[in-house]
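Engineer: For the sequence shown, the numbering used here begins at 39 and goes up steadily by one.
Hint data in this document are derived by calculation from the structure and do not stem from the laboratory.
Careful: at least some of the hints might be erroneous.
Straight-line C-alpha distance at most 25 Å; calculated DMTMM-like pairs for lysine to aspartate or glutamate [as the list claims (entries may be wrong)]: (1) Lys68 / Asp110; (2) Lys124 / Glu88; (3) Lys129 / Glu82; (4) Lys60 / Glu40; (5) Lys60 / Asp84; (6) Lys74 / Asp84; (7) Lys61 / Glu88; (8) Lys60 / Glu121; (9) Lys47 / Glu66; (10) Lys129 / Glu81.
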Amino acid sequence: MEVHVQYQKMMTSESLTQLLMKKLEGLENKYSWLIKANVLFKEENDSSGEGKICEIELSAPGPRIFAKSNTDDFEKSMANTIEDLKRQLEKRQATFATH
């Protein structure tokens, strides 16, 4: 799977990228039909203390799969986004099995 990572309004983080790659590798191992992942980390000024956003769009057969999380920490945002994607991927795989 091809992975594109972008950092918007923040410095690039090698450790965050490595953690992301590890998690995406797990998804790729389970769902071999994934083609590409576009990942965006961005920081926004948020008065509630949040504003650490992780967006992931997966290219796969059928419509693209998208998830986004906004928490007070990039690792939490990434974990929440990956969990959302897992749920969506399980539903998508179930539709493959019925056809």
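Engineer: Are the Cα positions of Lys60 and Asp84 separated by 25 Å at most?
Structural biologist: violated (29 Å)
Engineer: Would you mind confirming whether the straight-line C-alpha gap from Lys60 to Glu40 stays at or under 25 Å?
Structural biologist: Since the Cα atoms of Lys60 and Glu40 sit roughly 13 Å apart, the hinted pair holds (cutoff 25 Å).
Engineer: Measure nothing beyond the straight line between the CA atoms of Lys47 and Glu66; if it is 25 Å or shorter, mark the hint as holding.
Structural biologist: Distance ~28 Å between Lys47 and Glu66 Cα, so the pair is violated.
Engineer: Are the Cα positions of Lys129 and Glu81 separated by 25 Å at most?
Structural biologist: violated (30 Å)
Engineer: Holds or violated: Lys74 and Asp84, Cα atoms, limit 25 Å.
Structural biologist: The given pair, whose Cα atoms are some 30 Å apart, is violated under the 25 Å limit.
Engineer: Is the hinted pair Lys60 and Glu121 satisfied, with a Cα-Cα distance of at most 25 Å?
Structural biologist: holds (14 Å)
Engineer: Taking only the CA atoms, is the gap from Lys124 to Glu88 under or equal to 25 Å?
Structural biologist: holds (23 Å)
Engineer: Going straight from one Cα to the other, do Lys61 and Glu88 come out at no more than 25 Å?
Structural biologist: holds (23 Å)
Engineer: Would the pair Lys129 and Glu82 pass a check requiring their Cα atoms to be no farther apart than 25 Å?
Structural biologist: violated (31 Å)
Engineer: Is the straight-line distance between the alpha-carbon of Lys68 and that of Asp110 25 Å or less?
Structural biologist: violated (29 Å)
In summary, the numbered hints that this structure violates are 1, 3, 5, 6, 9 and 10.
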